[in-house]
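Number of protein chains: 2
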Amino acid sequence: MTDTVTIAVDVMGGDRGPAVILGGAGAALSRRNGIRYMLFGNAAVIEPILRGMPELAAASSVHHCEVAVAMTEKPSQALRHGRWRSSMWRAIEAVKKGDADLTVSAGNTGALMAMARFCLRTLADIERPAIAAQWPTLRGMSIVLDVGASIGADARQLIDFAVMGGAMARALFNIPRPTVGLLNIGVEEVKGLEEVRTAGRILKETPMHNLAYGGFVEGDDLGRGTVDVVVTEGFTGNIALKTAEGTARQISAYLREEMSRTFFARLGYHLAKDAFDSLREKLDPRKSNGGVFLGLNGIVVKSHGDSDEFGFASAVENGFDMVRNGLQQKISSDLTEYHGAEFHPEFREGATGTGGL
Amino acid sequence: MTDTVTIAVDVMGGDRGPAVILGGAGAALSRRNGIRYMLFGNAAVIEPILRGMPELAAASSVHHCEVAVAMTEKPSQALRHGRWRSSMWRAIEAVKKGDADLTVSAGNTGALMAMARFCLRTLADIERPAIAAQWPTLRGMSIVLDVGASIGADARQLIDFAVMGGAMARALFNIPRPTVGLLNIGVEEVKGLEEVRTAGRILKETPMHNLAYGGFVEGDDLGRGTVDVVVTEGFTGNIALKTAEGTARQISAYLREEMSRTFFARLGYHLAKDAFDSLREKLDPRKSNGGVFLGLNGIVVKSHGDSDEFGFASAVENGFDMVRNGLQQKISSDLTEYHGAEFHPEFREGATGTGGL
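Just so you know, the sequences run in chain order A and B.
If you read the first sequence in the numbering used here, its first letter stands for residue 1, the second for the next number, and so on.
If you read the second sequence in the numbering used here, its first letter stands for residue 1, the second for the next number, and so on.
Heads up, a few of these hints could be off.
Since copy identity is lost for identical chains, a pair holds within one copy or between any two.
Stated by the list, open to error - When the alpha-carbon atoms are kept at most 20 Å apart in a straight line, the in silico EDC-like pairs for lysine to aspartate or glutamate are as follows:
| no. | residue 1 | residue 2 |
| --- | --- | --- |
| 1 | Lys74 | Glu194 |
| 2 | Lys97 | Glu337 |
| 3 | Lys204 | Glu337 |
| 4 | Lys282 | Glu245 |
| 5 | Lys273 | Glu257 |
| 6 | Lys330 | Asp220 |
| 7 | Lys74 | Asp306 |
| 8 | Lys282 | Asp220 |
| 9 | Lys97 | Glu194 |
| 10 | Lys282 | Glu127 |
| 11 | Lys330 | Asp277 |
| 12 | Lys287 | Glu245 |
Hints listed in this document are in silico derivations from the structure and should not be mistaken for laboratory results.
Take these sequences, add in the hints, and give me the full structure.
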């Protein structure tokens, strides 16, 4: 890794159009030193916008692509029609070729994952990639995975998620030995899914100097920040993530309503405005924007489809930090270590079944 | 059903002890007309408390039980040791014998479910009971099930949950034709679990005059109140419920912190106190306390283990309302109708597989 981090941006992805994507890229440029952009998309759209953004233009190369993957396209369609020529594919391919250090896209998640798997391939020891989200907690920030790359996971895959999530926590939060918990219902060891229980037993019995197994955690431990990394399969993880986002929006709506109802409430709101602003900032989902695809030969960051410039900039910055902090190397070395002879034999032999959730 | 609703209370269940349970029972008495209590527990503990609560004493009969099921007991242990003699078992048995209309317990959930299944048995057409929770939304209140009775559900079980949840919405919210959604990830029909997709297809194709199928919903639809009834299997439902509770607590903690940080914030808080109180009331999890076991030959309401008097009273009142509004009859008649010949043949034949989640 050089001092420069080269970021391949799928300019055509997202609900809000190329101007927002480029605006976000420009904003990130001013907050991180050493970003170079490779901008993939329709040059006739990108170049006029860049003329108004000289700093971004100076840090970027434009790579014209004829095809833009639609937000509504099915992954299989996108792979058939968009491959080779779409901005999404070519942004991923830039990482594969070694031209870029990471890809950022606000496009269609399913298509992005399908293309990323197809183009970059999974790491040697990984059966399935995962999408990892950053989750704001009362103690700071946690990592939760998988939040929707695939449905169901067997014990081995859950353990892979634990190892990859741990590496991400070390890369992003600078924690030498992150704690990891398995999402479950009830904290008694007798409860829960067979695969989750098996994964828990293996994690408990395996000495890992980079990761501290913290046992089972429940849904309310997510906001509490009980552990640094929460591992679950993609269906439950996605539901949990969206439930938390929905609950935050619901409470914000209640708060807005209550604070505008009476004169005293409005006056109180005005006086406490700094406090409300600070609360809003804490709850701002844009700051932790960017699901990271883990387990591939390259880093792909998925920005929320409807994110604004600030949100897209956060996704870029998160990706930048992960590259700078050697996320891929950390994942590879951990996987090599824990898939090695030290690891519990059951894990190697896949004796835990393949049932999934 | 007579005008009186007889409620069998497991006085020994819960983290806070019999005085809180009896306090809650007393509070509910003043808010609903026609409650009779059968109090199951240690008479030497109950009677001294009742002496200080003459109204509750007048509305209650005390049934001495030697055994109290511990909060930490495994369901199998509780069934072995507590059957016949425990306050939990005997409170459930009172419903089976027809002496009481419903059971309310704040005790060990696993033991309560095991005993309720064993004693009351599932309804003729039901393979598995579910625990239904009331979920406060921006539009009012929804019902979510299963929030943890069992792990995994096949298409047929998911449809049973839809029918039972619909009956509960009619009984509690007085909605003639509740909308029901299946919790899934992504709203595209191509996504998601096989069983969820099959259930969705069958619900869509089946004419049901008591229930309107609203398609797939995602985690953030829970707080939005997109549908009246949200159906999922128990693992995901439990995680979603606890994630929402945890997020609400997290935001409340942020808010408290911010509102005490500066002089102006504290002043603003003081001025807007009514608004904050109203917000607190909206977020109060005690109001929707009480998971209902659906699908058994009798109503069992599970109060949160650490609920206070107000919370336990809410559980009692919710149970009372369900009995008054004929929940069991509604469930039975709906199941008879939808398990009848009109229903999609696949559903009857169980051709959707038994894989579960």
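The hints, checked one at a time:
no., hint, in the structure
1, Lys74 with Glu194, "between (32 Å within a copy, 17 Å between copies)"
2, Lys97 with Glu337, "neither (27 Å within a copy, 61 Å between copies)"
3, Lys204 with Glu337, "within (16 Å within a copy, 50 Å between copies)"
4, Lys282 with Glu245, "both (13 Å within a copy, 18 Å between copies)"
5, Lys273 with Glu257, "both (15 Å within a copy, 14 Å between copies)"
6, Lys330 with Asp220, "neither (29 Å within a copy, 33 Å between copies)"
7, Lys74 with Asp306, "within (18 Å within a copy, 47 Å between copies)"
8, Lys282 with Asp220, "both (18 Å within a copy, 19 Å between copies)"
9, Lys97 with Glu194, "neither (41 Å within a copy, 37 Å between copies)"
10, Lys282 with Glu127, "neither (36 Å within a copy, 45 Å between copies)"
11, Lys330 with Asp277, "neither (37 Å within a copy, 48 Å between copies)"
12, Lys287 with Glu245, "within (13 Å within a copy, 22 Å between copies)"
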